[in-house]
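Position 57 of the sequence shown, counted from 1, bears residue number 56 in numbering that gives the first Met the number 0, the numbering being contiguous throughout.
The set of hints was computed from the structure by calculation and includes no laboratory data. Bear in mind that the values here come from a model prediction, so they are computed numbers and not experimental data. Warning: the hint list may mix true and false statements.
Claimed, not checked - Below, a list of computed lysine to any residue pairs in the SDA-like style, where the Cα atoms sit at most 20 Å apart:
#1 K35 to P83
#2 K35 to R2
#3 K107 to L92
#4 K97 to L72
#5 K107 to L24
#6 K97 to R70
#7 K97 to S115
#8 K35 to M81
#9 K35 to G9
#10 K97 to Y111
#11 K35 to R7
#12 K97 to A86
#13 K97 to S10
#14 K107 to I71
#15 K35 to V109
#16 K35 to D73
#17 K107 to R2
#18 K107 to T117
#19 K35 to A86
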Amino acid sequence: MERIPILRMGSFLLVTIQVDMHDRLAMTLQEDLTRKITETGARGVMIDISALEIVDSFIGRMMSHISSMARILDATTVVVGMQPAVAITLVELGLSLKGVHTALSVEKGVRYLEQSATSRGGGRINGRRSR
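Use the sequences and the hints to build the structure in full.
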């Protein structure tokens, strides 16, 4: 089965989407990502879409759903590398991507996640989230 790799970068997870997304792959990514957030205690998720030149409403909804799932699991999501044509398309489709933060580059995305984790502060006991 085709899967999108999820890499750990310290307390963050990096997802690089370099293939055309279809329903099954998106569902697998959502399941894999939520499992990985829980297993690792990740505080943030960075989704790199710099390889995507076009998007449709499905991809926009998928990014929004992933962000919502991550937020429920106490992780911030930032989408990086959005091409201008992708931004235009998302606006034309009327997708606001509520709850999805964006950054122009991976470096800026990392800075955003670090600042977000710092501003949220504690919430952890012995390296694990307190519930």
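Outcome of the hint check:
| no. | hint | result |
| --- | --- | --- |
| 1 | K35 to P83 | 30 Å, violated |
| 2 | K35 to R2 | 13 Å, holds |
| 3 | K107 to L92 | 26 Å, violated |
| 4 | K97 to L72 | 17 Å, holds |
| 5 | K107 to L24 | 27 Å, violated |
| 6 | K97 to R70 | 12 Å, holds |
| 7 | K97 to S115 | 17 Å, holds |
| 8 | K35 to M81 | 24 Å, violated |
| 9 | K35 to G9 | 13 Å, holds |
| 10 | K97 to Y111 | 17 Å, holds |
| 11 | K35 to R7 | 9 Å, holds |
| 12 | K97 to A86 | 14 Å, holds |
| 13 | K97 to S10 | 23 Å, violated |
| 14 | K107 to I71 | 23 Å, violated |
| 15 | K35 to V109 | 18 Å, holds |
| 16 | K35 to D73 | 13 Å, holds |
| 17 | K107 to R2 | 26 Å, violated |
| 18 | K107 to T117 | 15 Å, holds |
| 19 | K35 to A86 | 28 Å, violated |
Checked against the numbered hints above, the structure violates hints 1, 3, 5, 8, 13, 14, 17, 19; every other hint is satisfied.
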